[in-house]
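Could you put the whole structure together from the sequences, leaning on the hints where they help?
Number of protein chains: 2
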Amino acid sequence: MLSHKAKYALKALLYLAEQDENHISRTIEIADGANIPKKFLEQILLDLKRGRFVSSKQGKFGGYYLIKSKNDITLAEIHRLFDGAIALLPCASLNFYEPCSDCKTEDECSLRHGLMLIRDKTLKAMEGITIASLVKK
Amino acid sequence: MLSHKAKYALKALLYLAEQDENHISRTIEIADGANIPKKFLEQILLDLKRGRFVSSKQGKFGGYYLIKSKNDITLAEIHRLFDGAIALLPCASLNFYEPCSDCKTEDECSLRHGLMLIRDKTLKAMEGITIASLVKK
DNA sequence: TATTAATTCTATCGATTTACTAGGAATTAA
DNA sequence: TTAATTCCTAGTAAATCGATAGAATTAATA
Chain C
5 MLSHKAKYAL KALLYLAEQD ENHISRTIEI ADGANIPKKF LEQILLDLKR GRFVSSKQGK
65 FGGYYLIKSK NDITLAEIHR LFDGAIALLP CASLNFYEPC SDCKTEDECS LRHGLMLIRD
125 KTLKAMEGIT IASLVKK
Chain V
5 MLSHKAKYAL KALLYLAEQD ENHISRTIEI ADGANIPKKF LEQILLDLKR GRFVSSKQGK
65 FGGYYLIKSK NDITLAEIHR LFDGAIALLP CASLNFYEPC SDCKTEDECS LRHGLMLIRD
125 KTLKAMEGIT IASLVKK
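Here the protein sequences line up with chains C and V, keeping their order. Using the numbering used here, the letters of the first sequence map in sequence onto residues 5 to 141. Using the numbering used here, the letters of the second sequence map in sequence onto residues 5 to 141.
Hints are computed from structural coordinates only; laboratory data are not their basis. We put the beta carbon where it would ideally sit given N, CA and C, even for glycine. Where hints are given, some of them may not hold.
[As the list claims (entries may be wrong)] According to the in silico footprint, chain V covers these stretches of chain C (three or more CB under 8 Å from chain V):
(1) 91 to 105
(2) 129 to 137
[What the hints assert, rightly or not] Here are the simulated EDC-like pairs of lysine to aspartate or glutamate, each with C-alpha atoms no more than 16 Å apart in a straight line:
(3) C/K9 <-> V/D106
(4) C/K42 <-> V/D106
(5) C/K74 <-> C/E131
(6) C/K72 <-> C/D51
(7) C/K128 <-> V/E81
(8) C/K125 <-> V/D24
(9) C/K72 <-> C/E25
(10) C/K125 <-> V/E131
(11) V/K64 <-> V/E33
(12) V/K53 <-> V/E81
(13) V/K9 <-> C/D106
(14) V/K72 <-> V/D24
[Said to hold, decoys possible] Simulated DEER-style distance windows between Cβ atoms:
(15) V/F44 <-> C/Y69: 46 to 54 Å
(16) V/Y101 <-> C/E33: 27 to 35 Å
(17) V/L50 <-> C/G55: 24 to 32 Å
(18) V/K140 <-> C/R54: 42 to 50 Å
(19) C/Y69 <-> V/E22: 52 to 60 Å
(20) C/N75 <-> V/E46: 49 to 57 Å
(21) V/N26 <-> C/E102: 36 to 44 Å
(22) C/F44 <-> V/L50: 35 to 43 Å
(23) V/N75 <-> C/Q47: 41 to 49 Å
(24) V/I32 <-> C/F44: 45 to 53 Å
(25) V/V139 <-> C/D24: 52 to 60 Å
(26) C/E46 <-> V/S73: 48 to 56 Å
(27) C/R56 <-> V/L50: 46 to 54 Å
Here you go:
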């Protein structure tokens, strides 16, 4: 399941993608538009900024705007930024790999192989969902 | 990600599936064999019993055994039993559906449609992973 | 230069969940 | 009767989650 953070991030990105080119959106505007608690959204926007999905302008008349094409922002990326690994176990993960502590023989985790199959399919599907694909519905 | 409970459940089922027909496995035997904390495993086996994957014999010389074919126990089922919904949001879930609280117009969640696509693909993949498929590797 | 309105940063909080552990009651076979 | 096992109910420490508070910083503009 997605965390609220990841869900809100997607909704915020969706909101930004729907605005006119060059429009800068204030946090409160996004919060109201996408029904997200404002203070919570602040953190999320900072995370999105660190992840280089959005940028911000500070001070009066400041706000947030997309710096990555809505065609290039995928569900997979947002999942990883906020919720971490897409694989079902760390030992089956590409970006968050860790060996299992409870598997006796290293690399002979009985689940690993099967879970890597799942990961590949899920990842492929998640990379197919972009902000752009969610906007035009 | 899978919880430890779900991971241990899979490993325990795998252990049971590898035993001879009619063999009854004690908790401690499974715990040692699959490297799972014994007391924790007790709870997990009870959950698996309630889910009708295994059955048990009580008292001295008691223990657990599979009552469902290893070909018919899928990753999807174990995920649902221990970790709940497979979909990324409740509003996109088949078995754990709940409407989003933060979507203004009911059934017009901007994410729902895309997440249902993911759910379908992930679910199909997870239904393809059975205990039997994990045993023969 | 002062004011105002916005982002940014740090810290904290309460509730829930997770991963276990403890202790004992109930059950069964020898 | 005893030993070995499942079954049941609590409890607990740590982490995570969802959210809030408040002050610092930045920038436009009057």
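So, going through the hints one by one against the coordinates:
1. Only when three residues or more bring their CB closer than 8 Å to a CB of chain V does the claim for the stretch 91 to 105 of chain C stand; here the count is 4, and the claim holds.
2. Counting residues of the stretch 129 to 137 of chain C whose C-beta lies closer than 8 Å to any C-beta of chain V gives 5; at least three are required, and the coverage claim holds.
3. At most 16 Å may separate the alpha-carbon atoms for a hinted pair to count; C/K9 and V/D106 meet this at roughly 13 Å.
4. Our distance criterion of 16 Å between C-alpha atoms is met by C/K42 and V/D106, whose separation comes to about 13 Å.
5. Between C/K74 and C/E131, the direct Cα distance comes to roughly 13 Å. Compliance with the 16 Å bound is thereby established for this hinted pair.
6. The suggested pairing of C/K72 with C/D51 holds, with an alpha-carbon distance near 14 Å, which does not exceed 16 Å.
7. For the given pair, C/K128 sits about 22 Å from V/E81 by alpha-carbon distance, which is inconsistent with the 16 Å threshold.
8. Straight-line distance between C-alpha atoms of C/K125 and V/D24 comes to about 34 Å, which puts the hinted pair past the 16 Å bound.
9. As the CA atoms of C/K72 and C/E25 are separated by approximately 12 Å, the hinted pair is consistent with the 16 Å bound.
10. In summary, the hint linking C/K125 to V/E131 is supported, as the alpha carbons are separated by about 12 Å, within the 16 Å threshold.
11. For the hint linking V/K64 to V/E33, the alpha-carbon distance of about 14 Å falls within 16 Å, and the restraint holds.
12. Between V/K53 and V/E81 the alpha-carbon distance is near 13 Å, which keeps this suggested pair within the 16 Å criterion.
13. Proposed proximity of V/K9 and C/D106 is supported: the alpha carbons are some 13 Å apart, at most 16 Å.
14. About 15 Å separates the Cα atoms of V/K72 and V/D24, which keeps this hinted pair within 16 Å; it holds.
15. Under the hint 46 to 54 Å, the C-beta atoms of V/F44 and C/Y69, about 49 Å apart, fit the expected range.
16. The hinted range of 27 to 35 Å is satisfied by V/Y101 and C/E33, whose Cβ atoms lie roughly 31 Å apart.
17. For the pair V/L50 and C/G55, the supplied restraint of 24 to 32 Å is violated, since their beta-carbon distance comes to about 42 Å.
18. Look at V/K140 against C/R54: about 45 Å separates their beta carbons, and that is inside 42 to 50 Å.
19. Distance hint for C/Y69 and V/E22: a CB-CB separation of about 57 Å, consistent with the stated range 52 to 60 Å.
20. For C/N75 and V/E46, the Cβ-Cβ distance of about 51 Å falls inside the hinted range of 49 to 57 Å, so the restraint holds.
21. Take V/N26 and C/E102: their Cβ atoms lie about 38 Å apart, and the range 36 to 44 Å holds.
22. Against the hinted window of 35 to 43 Å, the Cβ-Cβ separation of C/F44 and V/L50 comes to about 38 Å, which satisfies the hint.
23. Restraint check, V/N75 to C/Q47: a C-beta distance of roughly 47 Å satisfies the suggested window 41 to 49 Å.
24. Separated by about 46 Å at the C-beta atoms, V/I32 and C/F44 satisfy the suggested range of 45 to 53 Å.
25. Range check, V/V139 to C/D24: about 57 Å between beta-carbon atoms, so the 52 to 60 Å window is met.
26. A beta carbon spacing of about 52 Å between C/E46 and V/S73 agrees with the range 48 to 56 Å that was offered as a hint.
27. For C/R56 and V/L50, the hinted distance range of 46 to 54 Å is satisfied, since their beta carbons lie about 47 Å from each other.
Hint violations for this structure: numbers 7, 8 and 17, all remaining hints satisfied.
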